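2 protein chains.
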Amino acid sequence: MRLVLFCIYSIIDYMILDGKKARESLSQRLEKRLENLGFKPKLVIFQIGNDEQSSLYIEKKKQFAKKIGVEVECNRLANDISTEEVISEIKKANIDQSTQGIIVQLPVPKHLDTTDVIEAISPQKDADGLTSHNLKLLWEGSSKAIVPATALGIFTLLDFYGIDVSGKHVGVIGRSSLVGKPTALLALKKNATVTVCHSKTKDLDSLLPTFDILISATGYPGLVTVKSVRKGQTVIDVGISVDYQNGERAVSGDVDFSVVQPIVENISPVPGGVGPMTVYSLFENLINLSEDS
Amino acid sequence: MRLVLFCIYSIIDYMILDGKKARESLSQRLEKRLENLGFKPKLVIFQIGNDEQSSLYIEKKKQFAKKIGVEVECNRLANDISTEEVISEIKKANIDQSTQGIIVQLPVPKHLDTTDVIEAISPQKDADGLTSHNLKLLWEGSSKAIVPATALGIFTLLDFYGIDVSGKHVGVIGRSSLVGKPTALLALKKNATVTVCHSKTKDLDSLLPTFDILISATGYPGLVTVKSVRKGQTVIDVGISVDYQNGERAVSGDVDFSVVQPIVENISPVPGGVGPMTVYSLFENLINLSEDS
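Protein sequences appear in the order of chains A and B.
Residue 539 is where the first sequence starts when you use this note's numbering, and the numbers rise one by one after that.
Residue 539 is where the second sequence starts when you use this note's numbering, and the numbers rise one by one after that.
Any given hint could be a false lead.
[Unchecked claim] Restraint-style ranges between C-beta atoms, simulated for each label pair:
1) E569/A - K769/B: 53 to 61 Å
2) E622/B - K578/A: 32 to 40 Å
3) K578/B - D651/A: 46 to 54 Å
4) K769/B - K765/A: 51 to 59 Å
5) P809/B - D697/A: 41 to 49 Å
[Said to hold, decoys possible] Facing chain A, from chain B, some residues (calculated, C-beta under 7 Å):
6) N613
7) G705
8) T731
9) T733
10) K738
Worth flagging that the hints you see were computed from the coordinates, not collected in a lab.
Please read all numbers here as calculations on a predicted model, not as lab measurements.
No residue lacks a Cβ here, since even glycine has one placed at the ideal position from N, Cα and C.
For reference, chain A alone in the conformation it holds in the complex (with noise of 0.2 Å):
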């Protein structure tokens, strides 16, 4: 009997929030969606010059498209291309009825208006969720809202792990635009009382451990330390740093996993975390776009 306790114990006493399992039981879902729709959906993938970070990522998009059954058309642009012609080549793709999703891959070079370049494409094949009217329907907690796929990505991944937000203390580090803001926007939809934290604020060591579930969003390797957390946290890491040691690529995320993990209820690893689950959520917006297109 102790020992059968025990072993239950250990069973339940800490989980890996898996991205990429996670990821591959409710492709399902999308896969049964696909079907169901009665069409092939198209996203269309500007890329502006030729980032080794964002080609990586594109790869993966693209994977996943094949796997379920989605065409991607990347459209590669020349890294000095103006403002005016990457909007003049969005609206063609907002006109052609064969694309139901357009996304700009992130970051776009400096010399080119970020905001001007998301507002070119429409709202109904906004699939990354980052135009003014889509932020617009977050905001209002509208159920319509096409919501950015990082911060989709964290509660789907809870979600599938059976662990409820409403109610709890989510905190969340990093103020972004892009992953911060829209996180902690989509926690309060979903009832949790919400706290941001950033560079300025003073005294992350307390304030880290007084929240159930640590989201860390910041790309500063270490940052989430033995200090952060507690028993009984749930902390997911959104972070990715990229580093090149001996010509190996090695990718770590904000929270330092060896001495955290012991510590802590649940974890998402970097890599194989959120990262999946945000390719996951692009084309399940993709998909939401192809249902009402």
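Knowing the structure of chain A, use the given hints to seat chain B on it.
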């Protein structure tokens, strides 16, 4: 010496953040800017129906406009007007070159689509900062954002009384699109750590005293009481509840003022706190728009 110290201590012991006094003093800035503008800007207010509370708010806006020398035109539309008809009226004001700002007095009758009505306002005349265009600017932390008047009023009041927000922990109770969320976003822009609480937040009594600045925007009189606060805190009351007793109109905030005031360091009253600052901020927005027109 002891007496002098005691007197100083008494002076800095607590401060009533008097919105009327702040507005009176700050109005001179607006008057100076109006002088430099070289013309008298016009704000067009659309009031739909004849809600008594709305009429009172509009009257206050008119009074302040008269005082500083701004024209206000109130267009009262029928209670049963359609969304399309309201939009058509707004579009006329959009192209009227003698109009620099447009607002729709909220709430509008329930049969109308508030989002469609608000989105009809040209972002260049959106004095309440409620269109998706302005929301996106605030979201991105742009200095060009027209900030919703209540949120702007709160931070102008704090600034007037020398209360720095940067690095402080600001707690907002309430997550409405009109007040709670823009207040949180503006606090974040001003480098505060921000927590948003609401009806689903557990154990408010433990959480609320942890904030340096507590902003309550719920409309529940007496929500913030002895248990919610601590020494050293700044409390901003944004709640407004109107009650009629024996034919007398009585306004109360969220804060149980008489018991909270002796505990905290700074407190804004209701009425006479954020309310006058909201009116001030609306006209500050109008002048910003007029200078850019």
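Now the hints, each set against the structure:
1. E569/A - K769/B: 53 to 61 Å: Roughly 59 Å apart at Cβ, these two residues keep to the hinted range, so it holds.
2. E622/B - K578/A: 32 to 40 Å: Since the Cβ atoms of E622/B and K578/A sit about 38 Å apart, the hinted range of 32 to 40 Å holds.
3. K578/B - D651/A: 46 to 54 Å: With a Cβ separation near 34 Å, K578/B and D651/A fall outside 46 to 54 Å, so the hint is violated.
4. K769/B - K765/A: 51 to 59 Å: With Cβ atoms ~28 Å apart, the hint is violated.
5. P809/B - D697/A: 41 to 49 Å: 44 Å, holds
6. N613: With a closest approach of 25 Å, the N613/B hint is violated.
7. G705: 5 Å, holds
8. T731: Check passed: Cβ of T731/B comes within 4 Å of chain A, closer than 7 Å.
9. T733: 4 Å, holds
10. K738: 4 Å, holds
Checked against the numbered hints listed earlier, the structure breaks hints 3, 4 and 6; every other hint is satisfied.
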